[in-house]
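Turn these sequences into a full structure, and let the hints steer you where they fit.
Protein chains in written order, with the numbering used here: chain A, 1 to 1029; chain B, 1030 to 1518.
There could be a bad hint or two in this list.
Incomplete in silico selection of chain A near chain B, CB under 8 Å [to be verified]:
| no. | residue |
| --- | --- |
| 1 | 527 |
| 2 | 571 |
| 3 | 574 |
| 4 | 655 |
| 5 | 656 |
| 6 | 661 |
| 7 | 663 |
| 8 | 665 |
| 9 | 668 |
| 10 | 677 |
| 11 | 678 |
| 12 | 732 |
Restricting the straight-line Cα-Cα distance to at most 30 Å, the calculated cross-link-like pairs of lysine-lysine (DSSO-like) are [what the hints assert, rightly or not]:
| no. | chain 1 | residue 1 | chain 2 | residue 2 |
| --- | --- | --- | --- | --- |
| 13 | B | 1509 | A | 796 |
| 14 | B | 1051 | A | 604 |
| 15 | A | 866 | A | 842 |
| 16 | B | 1509 | A | 859 |
| 17 | A | 678 | B | 1154 |
| 18 | B | 1056 | A | 678 |
Label-pair restraints from in silico Cβ distances [claimed, not checked]:
| no. | chain 1 | residue 1 | chain 2 | residue 2 | range |
| --- | --- | --- | --- | --- | --- |
| 19 | A | 436 | B | 1479 | 41 to 51 Å |
| 20 | A | 304 | B | 1483 | 29 to 39 Å |
| 21 | A | 265 | B | 1051 | 53 to 63 Å |
| 22 | A | 698 | B | 1050 | 49 to 59 Å |
Don't read these hints as lab results, they were simulated from the structure.
We put the CB at the ideal spot given by N, CA and C, even for glycine.
As a plain string of letters, each chain reads:
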Amino acid sequence: MRKILLLLLSCGLFLLPGVLQAQSRTITGKVTDASGNAVPNASVVVKGTKVGTVTNTDGMYSLNIPAGAKSLVISSVNMQAEEIRIGPDQVYNLTLKAQDASMQEVVVVGYTTILKRSLTGSVSKVSGEAVANKPVLSFDQALTGKAAGVQVNTASGLVGDNVTIRIRGAASITSGAQPLSVLDGIPITQGDLGQLYNPANGLADLNPNDIESVEVLKDASAVSIYGSRGSAGVLLITTKKGKAGQSTLNYDTYVGFNEASRKIKVLNAADYTTTINKLRTNAGLAAVAKYGDIDGDGKLDTVDTDWQDAVYRKGLVQNHQLALSGGSQRTTYYTSLNYNDFQNYIDVNRQKRGSVRLNLNSKLNDWLQIGINSQFSRTKSYGLGTGVGAFLSGIPFGPLTAFPNIPVYGPDGDYYLGRGGNVIASNLPNPKAVTNLNYDNRDARRFIGSAYGEVQLIKGLKFKSQVNLDYLTAFNDNFWNPDVGDGQGFGLAQTVHSEANTWSWFNTLNYNAVIANDHEVNALAGVEYTRNTSMYAYNRGVGIKDPEFRIINTANFDEVAAENGIAGIDDGLASYFGGINYGYKKKYLATVNFRRDADSRFGKAYRWGAFPSGSVAWRLTEEDFMDQFKFVNELKLRTSYGVTGNSNVGYFPELSTYEPDTYADLGVLTLSNPGNAKLRWERHKQFNIGIDAVLWGNTNVTLEYYNRKTIDIILKNPVLATLGFPGNIITENIGELQNQGIELAVSTPVLHTKTFNWTVNFNMAWNKNKVLSTNANGDQLFDTDTDPNAVFSVAKPGEQLGTFYLIRWGGVNPANGLPMFLDSNGNQKQYDHATKAWTYLKDGTTTSQIAATDRVLLKGKTPYPKIYGGLSQSFSYLSFDAAIDLQYAFGFWVYDQTRSTLFAYSNVRNKSEDILDAWTTAGQNTDVPRLYYGDNLWSQASTRWLEKGDFVRIRNVQIGYTLPKSIIDRVKITRLRFYIQAQNLYTFTGYKGIDPEANGFGNTNIGLGVDRYRPYLPRTYTVGINLGL
Amino acid sequence: MHTILLYIFFAIAVIGSSCQKKVTEIKPQDLLSSDLAFSTPERIEKVVLAAYDGLQSREFLGGRSLVYVDVLGEDIFDRTLYFGELSRFSLLGSSGIASDSWTAGYFAIASANRAIAGIEANISKLEAAKAKELIAECKFVRAVANFYLINFFGQTFVFTADGSQPGIPLITQSFTSNDAAANQPRSSVANIYNAVITDLTEALADLPDTYNDTYNDKTRGTKGSAASLLSRVYLYKADYTNAKKYAKDVIDGTYGDYELQATVDAVFADYTTAETIWSIPHNSTDNPNTNNALPMHYYPTGRADLAISNSFISTVTNPYFAADDKRRGMIIPGVAATNTTAYKFTRKYTDITNRADWAPIIRYAEVLLNYAEAQARLATGVDADAIAKLNTVRDRAKAATTLSYTIASFASKQALIDAILGERRIELAFEGHRFWDLMRTKAAVTNKYDSDGSTLLPSQPFGAKKNIFPIPQIEIDKSKGVLSQNDGY
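So, in structure tokens, the structure goes:
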């Protein structure tokens, strides 16, 4: 009825054309979506003017349009904008179609974003949901198994420990191989920023819940716009931004607890006593393990302490995130407040972080847009004051090896510091006492922010200038109590104040145009300057006078020392870059990128590096012949080739420097680093070919092959002694490394009914690497140049990087229980510690001992997995949802040094439970030789301790329940979800050590895969709420 | 609006170019770059001192060089076989002793060459006289290093009539990169001796007589030390005329007053007496440490690796070492703590606690013996002048009741020479001379005991292949065939 009236009215208005032209009038209408639902907050604007309005909650609008208005543009978020001509009608109703998500999905690459369909490079995108609300210490840990070809290993469960990220295998032999991380265009300081004994992960200062997406740039084409620093790949992190017309308030919280995810079994008190004494008596020595009279009542106290249980606890975790986002057409904002408290399962170990973020974006007028993205966080880490690992009271060395037949607390309630009834010269310090009485804390404040202005010069041409700042200041405070542990007898305090500062400034010109309808061009030119600096101020006090007063000054300590310095970072980068993306009929796509960088770390002559790349892609689905394959929605074939670089090469390596030294009483200046004026960028040449497909409208498949050769790797090259350089070494670009592999990523809804959904995301990567050459001698290289006997893997030309290099274990002789090894010729030699004699197994003749020269290169056995990836599945049934994430890695080895020390026969510390399998009778087949105290040769470094690390890990399991709309609407909230989750629930593996991902040497390339007394990873259970308003 | 934008672009370009300079040209705050090392006279002098520091290396003149020359001789035996097959003349091409000595020696040479190059490039920063003096010091260091290296790695000069046997590469250039010019073939022994003599002679002209500071005088090159060393070099070269000439200048006091101390152990208690001409200094914080310091090897409460052999003690095998010679007071028994009571040791190096004993390289007693030997060989008969110098040394050590030598004491010129060599053996024992003195006199090593002190090793003839070290195999490999290995290795 109303419609007829309106029609009549409009007809009537037609009869007054002249009057019409001169007057404004009101038009109305309703905007609906494809299902007939009203679209609120849709923008209705008269094209070419500022005249507009938004639809109300019913989708209705009423707009007073000026005379001469020609058309309306109606748009809404996530919907395709429509334009309709304004005619004489009064009412203009419109149906908006949802945007084809995959067609319109944008990907952040370098300094711009481009449409996913136009992408010619290899980029994996991980949505922010994968990292949000996961109980991890740092967001990079949540990336495990999420992107094909990206291997993320957390070295241990210690707060702040290294997270090693390897994209497509190792990118270098001795230089840094961690990818560049860029947060909203800001290159951020990362890596291990710990100053004293505990590591500190630079990425832990970021709040994971603020992350919108993480793009992993993998091939040369995607990376080359960061060419100079992107040789190991680039992680582009984008934080959440506000959306016009969508004002939301979200509160997310979870609370739960941590526990140790694995437990190595060691002997209990009774078995310990008998085993140690058997060890001793077999060697003709007196028994030393005995229960003692701890409480002085005249009776022996049969205490049985499980030190692991004593030191491990259920640590509380909690996270609270309040995020507000929204905005108008002009200004959008995203702001959040976050508090995260992660109490590790190890006593005392903890990380607390509070952070605040403000992202603001404002269109001041139609040609100027400005914005800021900023975050401030304060992270307090409570590290272990024992030192970690192999220090005697460290975790987990202490709890694994401390005597089980003594108690944790003495009769007076204080920590028990004695050795019970055991007859030995000294004891391990009480691990619980040391963990609680010593500390190594870090208080870090970090500001990461950027401010930009973007000007539209002419249609399609934008100029953007952005200034970035990453400022970190940290205060480390360490104390060793004079009563126990490393500080026993004197007491020690150390403080370090350190700063790391990165500022950068870039300017870009971006041109977008569509020429003659068929040619899409996106051109970029830019310049960027980056400067990184650092400093530290260190103080130490030794010999504390009164443990109550720990401030380091001469009143409180016997000796006070101070030292200032640069914390290893002092460099800068100037870059000039440009790129063109071209698409013809949206079918044939090509991209060319070029970047030219100067890094201060190289000498003037070799400072500049040029990094070009090119890629082409063919969208087959745009071709007519593909129309018959209706199930193929998108099929793109792409290939790329390019050169990227690496300048992560240390501190002024090219500079020739002198340092002060002494000639007895006279001071001298001697050459310390000969430098190398010819030192230049490490370069990677990468070839990539891949297929992206979208099938059946909902299944995404990506299959890629890559081949990357790294040349000019910076290595220490042994040179003639006649040159007279310290160590006869010069740092030169001489190594070559090759990586090739295949990646597959599949994402598909397996089952999709009205009530039940099941989606599977699967990715798999196969990688093979080979060291092509090392130095001029073709030497095999170790990670530590000083003692080649202290490491277990090498980089040898012709072999894979990190191939293990060990003496071969020959088993235990069932006849006599003696340990056996193979010499370099394969002869089995057995060792009898009673006579210190080595004899050949075959004929019993005496022979020489097995030595470092009998080490053999174990071809194909490396810590780099051959196949790795993840499998994520999500289910939803009515209001319930569930998700399970698996991570897997096959075809790699780990050297279990932890286990080797738990079988040491030459001390009386606690041993692995498996020592009960020791040989006792002739004919017994076992892999633990007869107990004989003092035999330190049987447990020496050998293949006995090299184990397959293959594993499948249930990384995350989540079950949630979302309150149905009917209930929520009543309470006027948009969303309420309850969930429970478990992180690191279970690991299926045959590996017997701490963890198959264990990595004792931190972020290294050759020496990965050594399990060397780092704590287990934690398992975390949480319950949480997602509330949206 | 467009003009404003143009201005902005222009401003960005200007700021950009200064930004580029600022971010790419960064100087380290905590390192001294090479150009700065030569920026002031004080720093240049310190760079020159680094050349001496190179000689002080624990693998070289800080102690080991002296030890090796004596381990190869018969006066000590390697009780613990700490030096492996060295005492048995059966090193391998992979020997660490050889490679460490080679590396340390060439590092000292390179330090000297670097200092010379730096001085020449920055000559304007120094006074002319000081520059000459510093360059002279570098040449002195270079000569010392070359002399010790050539005698370790090449047969002694008199092995051939003209010293043409293979020696070591002669390096006089400073290198700043992996320069192919460092890959030199082995020069002949004669060439190296010429280079040593040239360096010392040129240094002699410009070195000071004194630094007006006793410490510097005893640890750095002086005219006295250059001349003394020249007398030894010429002696090894069998050029007795020149050996006598340079020794005479030192004895006559042309370069300062040197004189013997009243007792031998006074020289080892204090290294800055008038008898010391040049030594390598150490102190409690800068010394070769527990595995390389001279006292650690020689002293019974240290490692006690090197015990005095019966060859030295017995008057049968060491006929000039009288039973009442005061120098026998420098021989002490071992101690129970190290299970060495059965052995004898020297107490020339005693500082086990701080290991601050200096390494004696040249002392006045040696110059007297150089002169005596040169004069004795030049003269036609038994020479009185030679006997006088011999007596100066011997009289300090002989018993009061023993008579000094006279012309009548010697039946022939050769007898006098033998007496001088015999005195040299005793006086300079355990100071790194014995084996090379045997070699330069074409003598064989006899009466040499194995590590138990009682089993005799076979006699090692003059000119045997393993009298010298192997060229380190790793250096031969790195040179890709430019260096050739010594025979027998």
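Okay, the hints, checked on the actual structure:
1. 527: Because about 6 Å separates residue 527/A from the closest Cβ in chain B, which is inside the 8 Å limit, the hint holds.
2. 571: Hint holds; residue 571/A Cβ to chain B Cβ min 6 Å, cut 8 Å.
3. 574: holds, 4 Å
4. 655: At about 5 Å, which falls below the 8 Å cut-off, the nearest Cβ of chain B leaves the hint on residue 655/A intact, so it holds.
5. 656: Interface hint status for residue 656/A: holds (4 Å vs cutoff 8 Å).
6. 661: holds, 6 Å
7. 663: holds, 4 Å
8. 665: holds, 6 Å
9. 668: Cβ of residue 668/A sits 4 Å from chain B, so the hint holds.
10. 677: holds, 6 Å
11. 678: Status holds, d = 7 Å.
12. 732: holds, 7 Å
13. 1509/B x 796/A: holds, 20 Å
14. 1051/B x 604/A: holds, 13 Å
15. 866/A x 842/A: violated, 37 Å
16. 1509/B x 859/A: With a Cα-Cα distance of about 29 Å, the restraint between residue 1509/B and residue 859/A holds, given a limit of 30 Å.
17. 678/A x 1154/B: holds, 28 Å
18. 1056/B x 678/A: holds, 17 Å
19. 436/A x 1479/B: 41 to 51 Å: violated, 59 Å
20. 304/A x 1483/B: 29 to 39 Å: violated, 59 Å
21. 265/A x 1051/B: 53 to 63 Å: holds, 59 Å
22. 698/A x 1050/B: 49 to 59 Å: holds, 54 Å
Consistency with the previously given hints fails for numbers 15, 19, 20, ordered from lowest to highest.
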